[in-house]
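Engineer: Take a look at the letters that make up each chain.
2 protein chains.
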Amino acid sequence: MKSTPVKGTRDYLPKEVEIRDYLQNVIAETYRDAGFVRITTPIIEDAVNLDKSEGGENLNLIFRVLKRGKKLSSALNNENVTEKELSDMGLRYDLTLPLSRYFSNNKNELMTPFKVIQMDRVYRAERPQKGRLREFMQCDIDIIGNDSRDAEIELILTTTKALNRVGLKNYTVKINDRRILKSIFSYTGFDDADNEKLAIIFDKLDKIGIDGVKAELEENSFDKNAIDKFIGLFENGSLTLDSIADVCDAEYVNDLKYIIDTVDKASNGTIPVEFTPSLVRGQGYYTGTIFEVAADGYSGAVAGGGRYDNLIGKFLNEDIPAVGFSIGFERIFGILMEQNYAIPDRKKRIAVFYDKDNYADALVYAENLRNEYMVSVIARPKKLGKFLNKLEQNEFDGFAVFGEADGVKLFG
Amino acid sequence: MKSTPVKGTRDYLPKEVEIRDYLQNVIAETYRDAGFVRITTPIIEDAVNLDKSEGGENLNLIFRVLKRGKKLSSALNNENVTEKELSDMGLRYDLTLPLSRYFSNNKNELMTPFKVIQMDRVYRAERPQKGRLREFMQCDIDIIGNDSRDAEIELILTTTKALNRVGLKNYTVKINDRRILKSIFSYTGFDDADNEKLAIIFDKLDKIGIDGVKAELEENSFDKNAIDKFIGLFENGSLTLDSIADVCDAEYVNDLKYIIDTVDKASNGTIPVEFTPSLVRGQGYYTGTIFEVAADGYSGAVAGGGRYDNLIGKFLNEDIPAVGFSIGFERIFGILMEQNYAIPDRKKRIAVFYDKDNYADALVYAENLRNEYMVSVIARPKKLGKFLNKLEQNEFDGFAVFGEADGVKLFG
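Here the protein sequences line up with chains G and B, keeping their order. Going by the working numbering, 86 is the number at position 86 of the first sequence; the sequence numbering is gapless. Going by the working numbering, 1055 is the number at position 55 of the second sequence; the sequence numbering is gapless.
It is possible that some hints are incorrect.
Derived list of chain G stretches under chain B, where covered just means 3 residues or more per stretch with a C-beta under 8 Å from a C-beta of chain B [stated by the list, open to error]: (1) 36-49; (2) 71-83; (3) 89-102; (4) 146-159.
Hints in this document: simulated from the structure, not taken from any laboratory. Built from N, CA and C at the ideal position, the CB exists for glycine as well.
Just chain G, with the same shape it has in the complex (with noise of 0.2 Å):
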């Protein structure tokens, strides 16, 4: 048998996970107490509803579940079976889509505006090479039933008071508007057609600069009256929301404009938002506002969301305004670790020894323990100074032997 966790997926060590429930607790009760509360949906979800998701490039690393019995002789029975007949459920990608099937499905239950909490797994079958985790946790919030930009305001607020309260410093809140990147392109003369081949090549320009993405643009044969125009909005340095008032619905700038002032008025101007208008996002269900929170000196997103105002229509026979944002937690956890992170005032956990003979009195005693400290119940070992070391090593902060007067000693 295999002793190794399956590709992609990890085993976490008792001092890992330790921090990480009192990681996600943190984030938990941040959320709570804004008003979100939390719901649970299952992580295998119907086929056809991952399908259709416009998940975009998630769409192709989606784990399916193999059909069963009857249902799957059938399915083999047919001479050119397909991957898609071969099964009729997946494990999901994202929250946002298992939520917004949930809205639809609870929607009588329900209050709006819902103010909604996730903190769960999603799968994908990313190659392991990137260094990617398959299988990693999401913590998200989502508005749903507020078409107002107030709600963008509040989840960006509720998502960096979750990252400065886990200790997260130095970051930057990205925000665009799909909408805006659209004008752009339109303005400057591009095929509509070409919107995301021009948006994936756009999204590069932190990375490779305006002249690296007049580069890519070039090669990829795009219109060169365009791409002047294109490149020509940039001569005076990085476009802004006011550089780019000409190019777009003044409704679009005002209300990135509203968010960017709300959120500084709101949090006395610790929250840093910044327009970016190479800011892409790949879900191809978003279709208003979309943000992300970039950690200063590393790569990628450590937050991300946006506006999908039509997906859980697709379930419904109404559009119902949405708009959410995900902290990966993998990206914070590994961040926090990378600098030794510790959990402030942890309760403290002791060892109690015992002899064979003195077993359920020890219980006893140790029990009456338990308000001060984590006590764990452990037969005296024949090498007790060894023994001690390796407790200190696995996370223990001192012992007490039962039956000696002089009670918990703790280490150092």
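Following the hints, position chain B against chain G.
Structural biologist: Relative to the frame of chain G, chain B by itself:
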């Protein structure tokens, strides 16, 4: 697209998740205070591990994950491709197999005795008409590396403490030993090869009585003399640890007596542990003590476990003693919800209403209230009275209108 969750899985409503989270925290805290440390393992396991795990009937209930890409095409090129060839991993059906793999994978980083918590989802393709879920939560504690019966005692005391703390009342811990079961069958002259079949029939003793067991043994054409000798054991009523002294090794009897007596002493007589010779537990991997918790008035077990001294040896070249106790969280949750469970001393949840022109200030006001309350900031609705009713129905305890002098008003 389909709004309902896939067959056998459930969406949980906010008020349910609030209670589930609270109960899971109580259980986890109880376990941590008892010196157990939490780990997590992936939900996906290698198919070979699952298939060879001696999980009894559960092995027929495994959800298999379809191979991908070239591996899948190559499997499909085989004309008579089988279910197993289409898949090289599956969803775990319990937490014991993943734990055994985990221990063998990480043992150099772990302390023994390894006292470990797992609280996580497992998957079984149960027939939905049995009212069973296909995705459900188990809360396990295990002790690895302790071959003394003290481990069983600690698991029983810790698990029942968790059950007490979540508010489960009136239950019995049933205990048996697989070796006693085998000794009884062997003593009465049955063929060893029939042990599994015999166990399945004997397991029904509680439901069908000794006459029912006799009838089933006869229907299945077991040896008449063996049946008579077996039934003869019951002529003075139930079997007791004293009455089976001649039937099996004294060690097995003394072990159970030691467990029962020590739990009684350490719990001051509050935890009833009952020798139950017909207790079987389904998994094939159990090697010694087995136990479960039966809640008065509810059929089926709310918790179950036992000793599995050979399972980790399938991964390592040495056998490592191990014993575990698993709370069936869905059973506990179901029972408590039937009893209208309410979270004690829940932090109060209120709404703060704002008007468009004072949103930023209302956010600051709400933030200041969050030490005392969970606070959801909501645009003031046109029909405030009607909306307040909705808040009350949705577990809110009160509200405040930003800008009005009278502050927080609690309902009722």
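Engineer: If a hint holds in the structure, say so; if it doesn't, say that too.
Structural biologist: Status of the hints after comparison with the structure:
no. : hint    : verdict
1   : 36-49   : holds (count 13)
2   : 71-83   : holds (count 4)
3   : 89-102  : holds (count 4)
4   : 146-159 : holds (count 6)
In summary, the structure agrees with every hint in the numbered list given earlier.
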